[in-house]
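Peer 1: Taking the hints into account, I'd like the entire structure generated from these sequences.
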Amino acid sequence: MMVRLICIYSFIFSPDSNSIRSGANPSSQSVMRWFHLRAKQEESLTSSSRKRSGASENSDVQYPFMLQVTYRNARKYQSGKNIECFPCCIRQTKVSHFTCNNLDTDLLEIDKKKKELAKDGSKTRFAHDMKLFSSSLGKMSKQSFFDSPPKLICGFISKGDSKVITDETSDSEATRNANTKIEGSCTTICESEYYTYGHIVSEKYQQTGSNQQLALEILQGALGKEGSTRDQEHFSSTYDRGDLAYTRHEYEILNDTSISNDLRASIIWHAVVREQVLDKDLHRENKVPSSSIILERLYNSMYFGDEVVSVLNRKYFLADDDAVIVHGVDAMLHHYMNDANKIDVFKCSNFSFDASSIDATTLSHNCREYYKSAIAEALPTFKLRIGQKIASSLLTWVSHMHLNSHSRLRRPDHVDIALGGVDTCELSSHVEFLGDVMRLLAARWREASEWNGVKIEIARQPKKPGRKSGSGKDSNDPVSPKKRGTKRPAAQEKSGRTTKQSK
Amino acid sequence: MKRTEKASKLRDECGSSLNIDEANIQPFDVRVSPDVSFMTDMHCHLSNSEVIGLLGGDYDEVEKCLYIQAAFPCKSTARSDSGFTDVEMDSVSQLSVNEAIRRQGMKVVGWYHSHPKFQPDPSVTDIDNQNLYQNLYGREVPFVGLIVGTYDGTSDLYLFFHIFSRL
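Chain order of the listed sequences is A and B.
Taking numbering that gives the first Met the number 0, the leading residue of the first sequence gets 0, the next gets one more, and so forth.
Taking numbering that gives the first Met the number 0, the leading residue of the second sequence gets 0, the next gets one more, and so forth.
Be a bit skeptical, because a hint or two may be false.
Unchecked claim - In the EDC-like style, the derived pairs of lysine to aspartate or glutamate whose C-alpha atoms are separated by at most 16 Å in a straight line are:
hint : chain 1 : residue 1 : chain 2 : residue 2
1    : A       : Lys371    : A       : Asp343
2    : B       : Lys74     : A       : Asp338
3    : B       : Lys116    : B       : Asp85
4    : B       : Lys63     : B       : Asp127
5    : B       : Lys116    : A       : Asp353
6    : B       : Lys74     : B       : Glu87
What the hints assert, rightly or not - Between beta-carbon pairs, the in silico distance windows are:
hint : chain 1 : residue 1 : chain 2 : residue 2 : range
7    : B       : Asp127    : A       : Lys346    : 16 to 22 Å
8    : A       : Asp278    : B       : Val123    : 30 to 36 Å
9    : B       : Lys116    : A       : Asp358    : 33 to 39 Å
10   : A       : His401    : B       : Glu62     : 43 to 49 Å
Said to hold, decoys possible - Some chain B residues near chain A, calculated using beta-carbon distances under 7 Å:
hint : residue
11   : Pro26
12   : Met38
13   : Pro72
14   : Val123
The hints are simulated quantities; they were obtained by calculation from the structure and are not laboratory data.
Note that beta-carbon positions come from the ideal geometry of N, C-alpha and C, so glycine has one too.
Peer 2: Take a look at the structure:
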C-alpha cells in the first residue's frame, strides 16, 4: 500500500519568516537534531493546500524530541543468554514487541534471496581482500619489522588464563596449546580468520560459557621473553618510542582543562603529522611507527577483568569491550585506505579556525606563544586541517566513552596505579586513545600513498595578505603567478613550432 | 512514560497554555551511546562519498525508549560516479551486519548514512528508504534513520528521523 507522507517539520515550510530554519549549526559543537515524519491522512491531504497559508491544525505538533547520549559503561558486549547490553533497569523489564511475530521468517526469506543474488559478490570481495593482503606484505617487506611478520592469534580466554607464544619456531605448538587452553575453558575459536594489515587475527568466535568474562588476548610470537634476539631488539626499540611524542609545551596545553576540543585536536593532529610525515630522522632510519605497530599498541592496551594480560607497560588501559571499537576502526581504515574517494586527511578544509582563542585560556605565556608559532603558524586564524577536524569531532565523543571504567589496576610490573593520571605528564586516557586512533589513520593513509607511489603533501597555510613577494623565499617560489604567466605561453609556442617543423 | 503522562509533563515544563495533541506526541525516546557517535563520525569522515551502515540496540516498551548501542558500518555498492549524493548498501554486507547485530544480542534499530557535501536533511530518497527499512525492520521495534553531516561546516550535524502512519 502506498503510504503518503507529509513532513511535519513545520520550521521549514512555515510561512512565518521568524521561524525559517537556516539549517546551519548555530553552535561550535556537534549537535543532534530530530526530523520526524508521518503519513498524511486522506482527508487532510485534500485540504492541505488550502491550509498551507494559514496556521494549520497540525502546527501544534512541535514537541521537543528527547534525544540523549547515554553513559557508555552501561553496555557490555556479550553473547549468550545473559545479555548485558543495557542498563539494569532495562534488563529487568520485559521487552515486548510491536505487532509482527514472523519477522524472522520474513528476514530469512529476504536474506535467502539476497544471498542468491549476491553469492558471487562475496567470493570476488574475498579474492580482492586476499590480493590486497598479499601485496601489502610484499611491499612492506622493505621495513625490517616485516622481515618476519609476527602472527597474532586472538581469542577469548577465561579469567586469569593467559598464554604467550615464546618462540617464533614453536608457533604451531603454541597455537595448539593456546587453542587447547581456550577450549578447556568452554570457548571455541572458529577457523575463519580476519586479515588485518600484515597480521592474521582470528575474529569469529563463539563463547559458550555463561559465566565467562569476555576477554581477548593477543598472543604475539616475537614479543616473548625468549624470542629471537633480533626481534626482541626491534620490538624494544619500537616500543621505546611507542607513545605518540608530544613536547613539554604540548603536554601542558593538552592537560589544561580550559582549552577547547578544537585546540586540543590541533595539537594531537600536529603531533601525528610530525611523527608520520614530517620527521625526517624517523624516515631516514625507517623507524616511523607503522600501522601494524600502532594497532598492536591499541590491542595491547586492553585490560581484562582483574588481571593484566598485556606484556607491555602501558600508559593507559582499555576495557575489554573497547576491543570492539578498535576492531571497528581497524576494519574501516583498512577498507577506505585504498578507496578512490577517501578523504585526504593532510589537506586543509574550507573552514577557518580561530587560533586566537588560545589567549582566553589559563595557559602560561610560553605555551601560548609556542602554540601560535609552532602549531597555528603565527596566524590569528588558519584553515582547519581535515585531520584536525576529524580529531576534534571524535574528541567530543571519546571523552564520553569512559574508556577507563576501572578505578585502579595492577600493571605488569605489579605496581598499583590509579587511572586518570598519576603525574602531571600523564594525559587523559581518551586523549591518548584518540592520539593512537589518529596515528593509525595517518599511518594507513601514508602507507597507501607510499604503495601507490604518491608523495604526501602537507597543505601549507596561505600567506598573510599584504605580504610582498620578491625577497627571500617568495622570490624563489617556482609557482609564483608572474613566472607561471610567462612560462606557459612560451612552452605552448615552442611545442607548436616543433609540431609544425616536424610536419 | 505514557503519552498522557508525557503530555502533562510537557505542560508542567512549558506552561498549561501549551496546546498538545496527545495522539501526535513523540512516540518514543532515543538514547544514543557515545560509541555510536564515535563510530558513525569516524566512518562518515573517511570518504568524500556517502557512506552507510546499520545501528544496533533494543527497545524498552515500558520505558518507551529506544537504546541505540552500537553502529555497524556497511560496505556500499561499487559505482562509477563519485557517489557524493547517494549511496546504496551492499546486500552481502547488510546480511553479515544483520547477523553480527543478532550475535551481540541486539536488534537492528536504525540505519545511518552521511551527507558529505550538503545539509543533513532527509531527501525524498532518504524518506523512501526509511519507509522501506521501517517496513522491513520496524515492525518489532522502532526504527530510526540517522544522517551525519560532516563537511558542511566546522562542526558535525546529526539528524535522527522517523516516519509513522497517522492514526
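Peer 1: Determine for every hint whether it applies to the structure shown.
Peer 2: Against the structure, the hints come out as follows:
The suggested pairing of A:Lys371 with A:Asp343 is violated, with an alpha-carbon distance near 25 Å, which exceeds 16 Å. Under the criterion of a C-alpha separation no larger than 16 Å, the hint pairing B:Lys74 with A:Asp338 is consistent with the structure, at around 11 Å. Of the pairs offered as hints, the one joining B:Lys116 and B:Asp85 holds, with about 11 Å between alpha carbons and a cut-off of 16 Å not exceeded. Under the criterion of a C-alpha separation no larger than 16 Å, the hint pairing B:Lys63 with B:Asp127 is inconsistent with the structure, at around 25 Å.
Our distance criterion of 16 Å between C-alpha atoms is broken by B:Lys116 and A:Asp353, whose separation comes to about 23 Å. With a C-alpha separation of about 9 Å, the suggested pair B:Lys74 and B:Glu87 falls inside the 16 Å cut-off, and the hint holds. Between B:Asp127 and A:Lys346 the Cβ separation comes to about 35 Å, which falls outside the hinted range of 16 to 22 Å. The hint said 30 to 36 Å for the Cβ distance between A:Asp278 and B:Val123, and at roughly 50 Å that hint is violated.
Against the hinted window of 33 to 39 Å, the Cβ-Cβ separation of B:Lys116 and A:Asp358 comes to about 34 Å, which satisfies the hint. At roughly 22 Å, the beta carbons of A:His401 and B:Glu62 sit outside the given window of 43 to 49 Å. Given the 7 Å rule on beta carbons, the hint for B:Pro26 is violated: about 9 Å separates it from the nearest Cβ of chain A. Interface hint status for B:Met38: upheld, as the beta-carbon distance to the closest one in chain A is roughly 6 Å, under 7 Å.
About 6 Å separates the beta-carbon of B:Pro72 from the nearest beta-carbon of chain A, less than 7 Å, and the hint is met. Evaluation of the B:Val123 hint against chain A yields a violated restraint, the C-beta minimum of about 9 Å exceeding 7 Å.
Violated hints, listed in ascending order, are 1, 4, 5, 7, 8, 10, 11 and 14; each of the other numbered hints is respected by the structure.
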